[in-house]
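Protein chains: 2
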Amino acid sequence: MRTDGGADGPFRRIGIVGLGLIGGSIARAARRAWPRVEIVAVDRRPVIQAALRQELVQEYRHAVDALVDVELIVLAAPVPAIINLIDRCAAARLRAVITDVGSTKRQIVQAAARRHLSFVGGHPIAGAAYGGLEHARADLFDQRPWLIVADAAADRAAVDRVEMFARGLGASAARTDADTHDRVMAYVSHLPQLIASALMHTAASHVGIDGLAMSGRGFADMTRLASSPGDVWEGILATNEDFVREALAAFLRALPSIGSDADGRPGADELFRHANDWLARMRQ
Amino acid sequence: MRTDGGADGPFRRIGIVGLGLIGGSIARAARRAWPRVEIVAVDRRPVIQAALRQELVQEYRHAVDALVDVELIVLAAPVPAIINLIDRCAAARLRAVITDVGSTKRQIVQAAARRHLSFVGGHPIAGAAYGGLEHARADLFDQRPWLIVADAAADRAAVDRVEMFARGLGASAARTDADTHDRVMAYVSHLPQLIASALMHTAASHVGIDGLAMSGRGFADMTRLASSPGDVWEGILATNEDFVREALAAFLRALPSIGSDADGRPGADELFRHANDWLARMRQ
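As they're listed, the protein sequences go chains D and A.
Take the first sequence: its letter number 34 is residue 34 in my numbering, and every next letter is one higher.
In my numbering, each number is its position in the second sequence, counted from 1, plus 284.
Here chain D stands alone, though its shape is the one from the complex (with noise of 0.2 Å):
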């Protein structure tokens, strides 16, 4: 039994800004989930086309400001399109509840708390190894987190339900602060995503196409976020840039001393001593 609002929903009519693998992985999810729901999507041409040939969405409208006729808005897109969007909502006066999947959440926040928006911020722990609404999936957010992120402001009606509208996604909703959102996220994503990164680029600069053939799972694993895009990784950044440069200075002091260059960091026997028993606690 799902605790999503009955047959229809929290919202029975939805707009969706950017189709993309989460935006279209929601619109599947929510039709999975409420076979009658109606979904409005605003996107560029061929997206729209392939979304309607799929009977994924009933309608599309060109730009946000004409979403006038839905109960929700979901703004699925880069953090500072997201931050723009929020502005067009409020320049047109739109009623609905709006919601986002953005990936740091303080700037958004207070974007829709100057426009006086009955906004709920939203963040789902989903993604795949490539975008686009090809690969959308309904079932891309099951047993996943998704932070439901407001305010003390913040319409409380509004907040259940969007939080009731990820569970029905199959999402494991779970309420927090900008704050506490961003400054986690900085140690739990974008600081792996950077060093996914650097560690790509360092190991294959190095040793090339033929040492990487000598790799095992291990360095599969550690550089699978590697395929992530900058474009979209530069707003997550440049929006997180306090927090990101905190957990970038704590990983570098948790590096352990090799040999001879010790400087008062730990020995590598102590960090692995910790990260074993840390793995172990985030395991139980």
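Treat each hint with caution, since some may be false.
[What the hints assert, rightly or not] Derived list of chain D stretches under chain A, where covered just means 3 residues or more per stretch with a C-beta under 8 Å from a C-beta of chain A: (1) 115-128; (2) 143-156; (3) 188-195; (4) 227-234.
[To be verified] Here are the in silico distance ranges between beta carbons for each label pair: (5) D:Arg-12 - A:Arg-567: 38 to 44 Å; (6) D:Ala-280 - A:Arg-421: 19 to 25 Å; (7) A:Ala-413 - D:Ala-91: 49 to 55 Å; (8) D:Ala-153 - A:Asp-526: 56 to 62 Å; (9) D:Gln-58 - A:Gly-492: 40 to 46 Å; (10) A:Asp-463 - D:Gln-49: 54 to 60 Å; (11) D:Ala-153 - A:Glu-525: 52 to 58 Å; (12) A:Arg-329 - D:Ser-205: 46 to 52 Å.
[To be verified] Below, a sample of chain D positions facing chain A; criterion: calculated Cβ distance under 8 Å: (13) Leu-199; (14) His-206; (15) Thr-223; (16) Leu-255; (17) Pro-256.
Derived from the structure by calculation, the hints contain no laboratory data.
Cβ atoms here follow ideal geometry from the backbone N, Cα and C, with glycine treated the same way.
Let chain D serve as the given structure and place chain A on it in line with the hints.
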């Protein structure tokens, strides 16, 4: 069809020193490939008893010195122990072909060369989250790289037979030299290991278990190696200090500058582009 030297394989009677995850998996894979192979094991009593009960090995000896009647000796132990075992093989004047599974190769190959043994270095690039005979699997090496490391003075017939043995166990054998091996491993194995452990420790100690609950599959991938045992890794890092330090320094230079602290390092956009390109080439 396997090129495994026929139904009896390249060695009819083999000694395995250390029946942990790797040594135990070699025993299982050898039995899968050559049902009539005779395996003589050296390990602590409870491990030997388990292996005899499972009919995985036929005989056991109390020490490597007693492996006088086998055609191949596999040293499946941590790197410092392998170096020690090589000395004991030499002192006992053993005539078998000797190979090992150590994660670094320069010190091991040098130790064997000094003692005029018929030694062929080996390194199966395979592992699992948990060690021990109870997690050993016949398919652990299937399609995984198995690096064969021998210097110019090595007995070519012995090198060929060890390579045939590795192929028979299911692995993709490839030859290299000890210097290349250790340098490549510093980048694709030892650096990733240090990073995974340091990331696990940094993230967990700054955001706690509650914060880790907000993490996704990317973080799980990036910290899977944090389960690696520190005692084994101490020996790996100690025998590859120069290359590991070189790899770590290169990695630190590749980490992007965040915001205003640019000091000649690449921006995130450039790093992402390089990482995307290398990953795509690696997967081709």
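- prompt: Hint numbers the structure violates, sorted upward?
  reply: none
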